[in-house]
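Protein sequences, first through last, are from chains H and A.
If you count the first sequence from 1, you need to add 1119 to reach the numbering used here.
If you count the second sequence from 1, you need to add 11 to reach the numbering used here.
The hints are simulated quantities; they were obtained by calculation from the structure and are not laboratory data.
Heads up, some of the hints might be wrong.
[Said to hold, decoys possible] Cβ-Cβ distance ranges computed for the label pairs, FRET-style:
hint : chain 1 : residue 1 : chain 2 : residue 2 : range
1    : H       : Asp1216   : A       : His21     : 30 to 40 Å
2    : A       : Ser20     : H       : Pro1202   : 22 to 32 Å
3    : A       : Thr83     : H       : Val1231   : 39 to 49 Å
Positions of the beta carbon are idealized from the N, C-alpha and C atoms, including for glycine.
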Amino acid sequence: NAGVTQTPKFQVLKTGQSMTLQCAQDMNHNSMYWYRQDPGMGLRLIYYSASEGTTDKGEVPNGYNVSRLNKREFSLRLESAAPSQTSVYFCASSGRDRGRTFFGQGTRLTVV
Amino acid sequence: AQSVTQLGSHVSVSEGALVLLRCNYSSSVPPYLFWYVQYPNQGLQLLLKYTSAATLVKGINGFEAEFKKSETSFHLTKPSAHMRDAAEYFCAVSGGGGTSYGKLTFGQGTILTVHP
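Go ahead and model the full structure; you've got the sequences and the hints to work with.
Rendered as structure tokens:
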């Protein structure tokens, strides 16, 4: 089982460039999430989608947009990348198994 | 509102020694609590979870945690450390209800080092 798949795994951007991080899950989960991980700060929720067709802001949404393309896919877009967005980004999903959230392998993004 | 505090950003133990990683939380609703482990350059793997059933929770790899409501704590323990336990550990809390299972608030993380 693939679980949660993120692409790309690594990316280097110049300040001001845009890009989209892709995420797909094959577990038929309703809810999907985007987190960022920074040293000493744990993971922080950027956006989430409780179900297909809905998205909501998390703790640190500024500078990001999301799209819940269908039940499987949830993308994160940086319209104008800034050095402060250098981070490791994790996509996650959860379903009916209470408390069980599955994480992707992460995307390491560097903005120079 | 929820928050998690992990006491100690780095913990070092000898192989075979007790592992104790501390986690305190605050939550305005009955919490769901989790411990995740992250090995270098990998995603997060669930070690164990508390979802309002038994207060002593057993997880994978010999880890366990006890939910203590009076102390708002959810400390992670393992009786005997192994070299393969070296990783970063995260405590997390969610509100638990409805579709909020994956809306997690994480602690800062604790890096566990195991010495031979």
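Tested hints:
no., hint, verdict
1, Asp1216(H) <-> His21(A): 30 to 40 Å, "holds, 32 Å"
2, Ser20(A) <-> Pro1202(H): 22 to 32 Å, "holds, 24 Å"
3, Thr83(A) <-> Val1231(H): 39 to 49 Å, "holds, 42 Å"
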